[in-house]
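Student: Here are the chains, one letter per residue:
2 protein chains.
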Amino acid sequence: MPDALNIALDAMGGDHAPDVVVEGAALSRIRHPEVHFTFYGDEAVLKPMVAKDEALSAVSTIVHTDIVISPDMKAGQALRQGRASSMGLAVMAVKEGQASAAVSGGNTGALMALSKFILRTMPGIDRPALVALMPTINGESAMLDLGANVECSDDNLVQFAVMGAAYARLVLGLSRPKVGLLNIGSEDLKGHGSVRLAADRLRNADLPHEFVGFIEGNDIGHGKADVIVSDGFTGNIALKTVEGTAVLIMSLLEKAFGISLFSKLGYLLARGGLKSLRNHMDPNTHNGGMMLGLNGLVIKSHGGANTAGFASAIDVAIELAAGNLQERIAADLSAMESDGDAATEETAIA
Amino acid sequence: MPDALNIALDAMGGDHAPDVVVEGAALSRIRHPEVHFTFYGDEAVLKPMVAKDEALSAVSTIVHTDIVISPDMKAGQALRQGRASSMGLAVMAVKEGQASAAVSGGNTGALMALSKFILRTMPGIDRPALVALMPTINGESAMLDLGANVECSDDNLVQFAVMGAAYARLVLGLSRPKVGLLNIGSEDLKGHGSVRLAADRLRNADLPHEFVGFIEGNDIGHGKADVIVSDGFTGNIALKTVEGTAVLIMSLLEKAFGISLFSKLGYLLARGGLKSLRNHMDPNTHNGGMMLGLNGLVIKSHGGANTAGFASAIDVAIELAAGNLQERIAADLSAMESDGDAATEETAIA
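Those protein sequence lines, which keep their order, are chains V and W.
Going letter by letter, the first sequence gives residues 236 to 585 in the numbering used here.
Going letter by letter, the second sequence gives residues 236 to 585 in the numbering used here.
Warning: the hint list may mix true and false statements.
For chains that are exact copies, the list does not tell them apart, and a pair is met inside one copy or across any two.
To be verified - For lysine-lysine, the following BS3-like pairs were computed, each having C-alpha atoms within a straight-line distance of at most 27 Å: (1) K351 x K282; (2) K309 x K282; (3) K510 x K490; (4) K351 x K309; (5) K330 x K351; (6) K413 x K459; (7) K309 x K459; (8) K330 x K459; (9) K490 x K282; (10) K459 x K490; (11) K490 x K413; (12) K490 x K351; (13) K309 x K490; (14) K282 x K330; (15) K330 x K309.
Calculated from the structure, these hints are not laboratory results.
Model the full structure from these sequences, guided by the hints.
Tutor: As structure tokens, this is what we get:
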């Protein structure tokens, strides 16, 4: 597939694989008729499924493998035994230039380990970071790192900001995304030193993003920043706290509607609007997290994604590949380094 | 006030002071008729307000001061100029044994600084921690530290667990609260070393709480633990993320109900239930955060608290004072130390 985009699909990864993978590709193909798909997995199962959709079949290839990474396989085991699995082959296709991006709904730990091992970190990036989209009051924000790195230096945080901004420009379609560093707000209780150092450097950088400074936990849902940067420990806690709070409120809402006959009737009348709310808070709608900073694109779909969710993960893969995410990150990093040099020279002259 | 409890009230602190302070005390007095109150603030304003409620007036004293800590005063300035303020005098009353606890809705940074300076850290506690109640699916959980300490050692976390459990026993009325350490979940992505070390020590401690191990961000709202322990950076981010997500969903909910005439009618029919949901997510309902680990009780009310909210902060102060929180913490800490000694001896013998 020399010129057209080819997307490598781990057809066996995720709770509803291979069905949602094939159906998701069929849905994404309607929006991207020029893209080619390669399915990695059990050919005997996949062939009739793909054949059912003639248009999909025309742009698809199936590569057979018997090996599947189980949901509970440890990362180390995946590295030893999983390189010829449907997941491993999809990532390898990216490494070898056969595919522009890979998409998998399988075991997250295994996917991250295989991706890091096979693709390696891109030049100028010390550590890759997990990014995903979060629902906000006006739409979505990108947040990273969501758990790949427990401890982060200011260098790491600055690199995350550059990568996250490039991702947001493509996935959220923003020409100049607002970047914020997650911190605690009270003036007397300052955050980690690394966060403050990273802020100083981002404030002075001349990049295609706007640095909005520190943001607090309650600013996430408010959409104060399009890109929210933090260490992986804090980011993971914040991500899961958003999820948990949404579940909490939805349960309380159901209780609230069950209280009286009147409120039950109210629920029936309001359910159209409630469905759209539930939809906005549903991770499926915001599918397309990935590990940024590797020499290649690997998109992680939620394991429980439905067809629409998996299709949206494929869409993200296509947008990032077509938009040359990797080249943008590399260019921004080198622009930032020359800024740094310029600043040093000025200081030297003064 | 030798035997009966006396509660020191910063009558001038908070957005709606002194009104909600006096009215909150009047409300709390109905539930605790045996308690005495001392109001610190502008006597000319307070006297007629308190006099309006004869029963309150009978159990109240007013101590005059002109000095008020402004909401934007820095902690350092509060320490230099604020010791004779309504806030400073209330805390000083605790220090001098004239009051069993102080309650203030004023400037948080100033209150923490004055409390730490005047009361000092209790023996066996290296650093005090901010605790507050969070809404969960079944009720409430206590969470700490919410921002007093950015970096925490395993010693700090273990002490927070002991203090938080003692707080939960009194405020939540639990004989054996479940204590969890906030961490990130994936097996391959382990949390901070201090969190893992603290877990080992809590697992082996023989205390009046049940250690449930690590909990993730999404477990907070689920009520998996009655006491959630973390460093102050992560805890502050999690607390504010819960608040922000609740605001996000409530706004989306209003939008959802505004979509059609049907859903507007639905809202009218369901508003009783929705009111109870909003009430459960309202910080006023869960008022009574404090700095645990000082030689005295100082309860922080939300600055925007209404009368019911301020009354609930006073209730917490009374429960903690009547339940001898400080003595319980001291006893648990020394029980834990003897556990440690016993373990060391065993190891030495083996």
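Student: Taking the hints in turn, state whether each one holds.
Tutor: Hints, verified against the model:
1. K351 x K282: neither (30 Å within a copy, 70 Å between copies)
2. K309 x K282: neither (30 Å within a copy, 69 Å between copies)
3. K510 x K490: So K510 and K490 pass the 27 Å test inside a copy (16 Å) and across (12 Å) alike.
4. K351 x K309: within (15 Å within a copy, 47 Å between copies)
5. K330 x K351: Within one copy only: 11 Å inside, 57 Å across.
6. K413 x K459: Answer is within: at 8 Å inside a copy they meet the 27 Å cutoff, but 36 Å across does not.
7. K309 x K459: between (37 Å within a copy, 26 Å between copies)
8. K330 x K459: Neither: 36 Å inside a copy, 42 Å across copies.
9. K490 x K282: Neither: 46 Å inside a copy, 45 Å across copies.
10. K459 x K490: between (31 Å within a copy, 19 Å between copies)
11. K490 x K413: between (38 Å within a copy, 25 Å between copies)
12. K490 x K351: neither (44 Å within a copy, 42 Å between copies)
13. K309 x K490: For K309 and K490, neither the intra-copy (39 Å) nor the inter-copy (44 Å) Cα distance is at most 27 Å.
14. K282 x K330: within (25 Å within a copy, 78 Å between copies)
15. K330 x K309: within (22 Å within a copy, 55 Å between copies)
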